[in-house]
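Visitor: Chains as they are written, first to last, in this note's numbering: chain A, 1 to 274; chain B, 275 to 482.
FYI, nobody ran anything at the bench for these hints, they're computed from the structure. Some hints could be false.
Here are the simulated DSS-like cross-link-like pairs (lysine-lysine), alpha carbons at most 27 Å apart as the crow flies [unchecked claim]:
| hint | chain 1 | residue 1 | chain 2 | residue 2 |
| --- | --- | --- | --- | --- |
| 1 | A | K175 | A | K146 |
| 2 | B | K412 | B | K302 |
| 3 | A | K175 | B | K412 |
| 4 | A | K146 | B | K302 |
| 5 | A | K169 | B | K302 |
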Amino acid sequence: MSDTATPYAAQAHARAQAGTRVEAMPTVPARAAVDLPPGVLAGDVVWDEIIAPGGYASRQIARGSRLRLTDLAGDASVSLLIFNAERPIERLNIADTLKVQWNGYLGPGRLLLSDMGRVLASLVEDEAGTHDAFCGASNQASNARKYGDGFNHGAHPNARDRFSLGVAKFGLGRKDIHPCLNLFKAVRIGQGGETVIDVGPYAPGRFVTLRAEMDLIVVLANCPHVLDPRPDYAVTPLRATAWRGAVTPQDDPIRNATPEGLRAFLNVEDYFSR
Amino acid sequence: MAFDPPALNDIVHDEVVPARAPWLHTVKAGQTLRIVDLEGNQAVDFLAYSAADDAERYSAQDTIAAQNNIFLREGSVLLSNEGAPMMTVTATAVAYHDTIGGACSCESNTLRYGHHTKAQHACVENFLVANAGQGRGKRDMVSNVNWFMNVPVEVDGALGIVDGISAPGLYVDLRAEMDVVVVVSNCPQINNPCNGFNPTPVRMIIAQ
Numbered sequence: 001m002s003d004t005a006t007p008y009a010a011q012a013h014a015r016a017q018a019g020t021r022v023e024a025m026p027t028v029p030a031r032a033a034v035d036l037p038p039g040v041l042a043g044d045v046v047w048d049e050i051i052a053p054g055g056y057a058s059r060q061i062a063r064g065s066r067l068r069l070t071d072l073a074g075d076a077s078v079s080l081l082i083f084n085a086e087r088p089i090e091r092l093n094i095a096d097t098l099k100v101q102w103n104g105y106l107g108p109g110r111l112l113l114s115d116m117g118r119v120l121a122s123l124v125e126d127e128a129g130t131h132d133a134f135c136g137a138s139n140q141a142s143n144a145r146k147y148g149d150g151f152n153h154g155a156h157p158n159a160r161d162r163f164s165l166g167v168a169k170f171g172l173g174r175k176d177i178h179p180c181l182n183l184f185k186a187v188r189i190g191q192g193g194e195t196v197i198d199v200g201p202y203a204p205g206r207f208v209t210l211r212a213e214m215d216l217i218v219v220l221a222n223c224p225h226v227l228d229p230r231p232d233y234a235v236t237p238l239r240a241t242a243w244r245g246a247v248t249p250q251d252d253p254i255r256n257a258t259p260e261g262l263r264a265f266l267n268v269e270d271y272f273s274r
Numbered sequence: 275m276a277f278d279p280p281a282l283n284d285i286v287h288d289e290v291v292p293a294r295a296p297w298l299h300t301v302k303a304g305q306t307l308r309i310v311d312l313e314g315n316q317a318v319d320f321l322a323y324s325a326a327d328d329a330e331r332y333s334a335q336d337t338i339a340a341q342n343n344i345f346l347r348e349g350s351v352l353l354s355n356e357g358a359p360m361m362t363v364t365a366t367a368v369a370y371h372d373t374i375g376g377a378c379s380c381e382s383n384t385l386r387y388g389h390h391t392k393a394q395h396a397c398v399e400n401f402l403v404a405n406a407g408q409g410r411g412k413r414d415m416v417s418n419v420n421w422f423m424n425v426p427v428e429v430d431g432a433l434g435i436v437d438g439i440s441a442p443g444l445y446v447d448l449r450a451e452m453d454v455v456v457v458v459s460n461c462p463q464i465n466n467p468c469n470g471f472n473p474t475p476v477r478m479i480i481a482q
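Next comes chain B alone, as it looks inside the complex (with noise of 0.2 Å):
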């Protein structure tokens, strides 16, 4: 099948992280993180920080003008905000991820939706929460990539999120390049198609 992933060998972590939970793990460099979106269409908010210096996080600006490219792909950079790359898309089964998207906030969600929605549970309080354990707070939320996450530009600058393009047991692999800190929020957005308003689980593996 196209979309077999290719074998990982010594696996030293590997996690189901429920719909709509945080989950914060160190990736050392040359290890490779695999993320399956094990029911289809679940976007996985991200941010990487090095993990010898977190002043120092993925950059979705940095990245784009690297590559030339909004979208993410397979062989993508991850860049920093110092230009340095932090983890390679070695292989992916899912077309493109978007990386303009940012996270859903409470705050964010007024505007989108209404104020109805305020004391919905969010991404930003994902990482929010992860990073608290690691002494990091707002300062350290920047724009971060969405996996799975559709978000097409149409020539006179329309963008959205819409229907998503990924399907059951589809994956992402990211090999690390520095040691880094990788935060992820498994959104639970339930207000816009970015898992089809359902937050499902996904899986998180790391392998040598």
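Chain A on its own, in the form it takes in the complex (with noise of 0.2 Å):
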């Protein structure tokens, strides 16, 4: 007789499995996390994980919340949605994020924006400086070319269909599926408009922190870079870790470094002024 025949084997069984770890897994409760940014207390972290390489994570996180991204192996390779929480008809808007801060690539002090002239999250630090705002998620038919399939259910997730995944947890659908960011792999425009990737290979540890400026929903794929030149599906895991912080004060400095920044500060404080 197998140890799975009667329902109370079937049981001793699944409950022996407790404990296990594995690379890519939350950690819960996340206060436990360790190896935290320095000044970090394991009190205010809500939110700790790691996402394997294909893999995808969604969650909320509260307005002042700091979320870090790490590419804990120099090969992750992000894309990233972003909504407002509690009405998330607002979302990231991409061109608005380049036209009105003037630039095309991301860096320290840059803002995320909204499509409701807002800011959504700053980028408060980073460490990476390699991102890309133009090239946008992998597809199914994007993967199948390239690596033979492109299935949620495959060995070659693509990050559209890992973000239709992601926003079906909040309720979302593909409608609400916008142009994306893609983080930690670099694409640059040549004076002809042509799009450079470099896909490194880069430092291991590397990260970028947001603050969150607005509760937001944000979705997480980490999968291959669309135009990643390489033939196999070369990607590795991404910690994602996220704390507690203070609402953005009117002295901060990213807060005020453009004219176009600081309105968008202020229709935020205008939003939450209630």
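Combine both chains into one complex, guided by the hints.
Guide: Dropping the structure here:
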């Protein structure tokens, strides 16, 4: 008789798995997270998870929270969607993010702007500086061409289908998947308009830290960049760690850095004046 | 003349869209949509949805990634968010067109120019009005094409809407690769050079 032949035996078998540790998994409770950024108290940590190569996560974080994304092994490739958690019809607007800040490249101090003229998140730290706002998510067709398949249930999931799962967990659907940001892989624009990607290899441990300027839903897909020229499905784990923090004060240097950005913060503060 | 457009046969629709106005029309697979910049330097903000399933729609990012270039030129294929060809630029008298600048909105105008611009009419308003008749709403707003608009990216990443490179009578021809619903905002922006600070009419012609 096998050891799962009765409900009692199956229960014992299932329960015996408790405590298993693998690389890609959440820390629950999050305050048990270790190896935190300097100055971050374990009790303030609200989310800590290692997202597998090809994996995804979606999560709500509060206004003022910091979200650090760490490229643990140097080959993470994260596509990112952001929504106003209170009213997800408001969401990241890539065109406004670039146009309003007069620049196509992300870096420290840059803002991620919504389609309602507000700042969703500030990039308060950026140890990477290699990001892409132009090329968007891989999709099933692009992954199938490159790797033979792109299914969620296969070995080569694509970022768009990962997004469809991530948003579904919040009751959102295909129409809510908007143009995204790609973190950790650089795309620069040549003088003829050409897109030039740099996939690394990069040093392990690079990170970016976002400060939530509104209550946010963030959706992350850790899939190879759509322009990655390497034939293999090359991507390594991503760590997401979020902790509680103060709402941005009026004398914050990022808030006051540019007239356009200041008005985006004023619009946020106006939204929360209730 | 070098800028003479190809002849169009069997014209099925021909309409002048007034300055600042929205426009919506279905273009069937195989048909050509010609957009004529009648007075020059007018930005034509443009979205396309699959007529069969409007959750499939134009994707600026898929288009950029697939052609490895941010500019739309003759031969560029407009891709959907599922990676499917929606329309092809079969001819244009303008060197390149923009798809990174997005659409103006009342809200983004407050950031770009100041809160005094909030009451001005904007492209997103046009898109919302035109789409509302077919049940689409704000979730259907994505990054769009700006025909005739010029958004260069400098070496350091600096970008912005600058003076146009179009002229009176210049055109772009788009062949539909699937049945598409085309939604246009004939940009009402008056605070930047996208239309020379002076919105003007454009002509939309659909031919078999």
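Visitor: It remains to establish, for every hint, whether it holds in the given structure.
Guide: Tested hints:
1. A threshold of 27 Å between alpha carbons decides the hint, and for K175 (chain A) with K146 (chain A) the separation of about 26 Å falls inside it, so the pair holds.
2. Among the hinted pairs, K412 (chain B) with K302 (chain B) is consistent with the structure: their alpha-carbon atoms are about 25 Å apart, no more than 27 Å.
3. Pair hint K175 (chain A) plus K412 (chain B) holds up; C-alpha atoms about 9 Å apart against a cutoff of 27 Å.
4. Among the hinted pairs, K146 (chain A) with K302 (chain B) is inconsistent with the structure: their alpha-carbon atoms are about 31 Å apart, more than 27 Å.
5. Distance restraint check for K169 (chain A) and K302 (chain B): the Cα-Cα separation of roughly 36 Å exceeds the 27 Å cut-off, and the hinted pair is therefore not satisfied.
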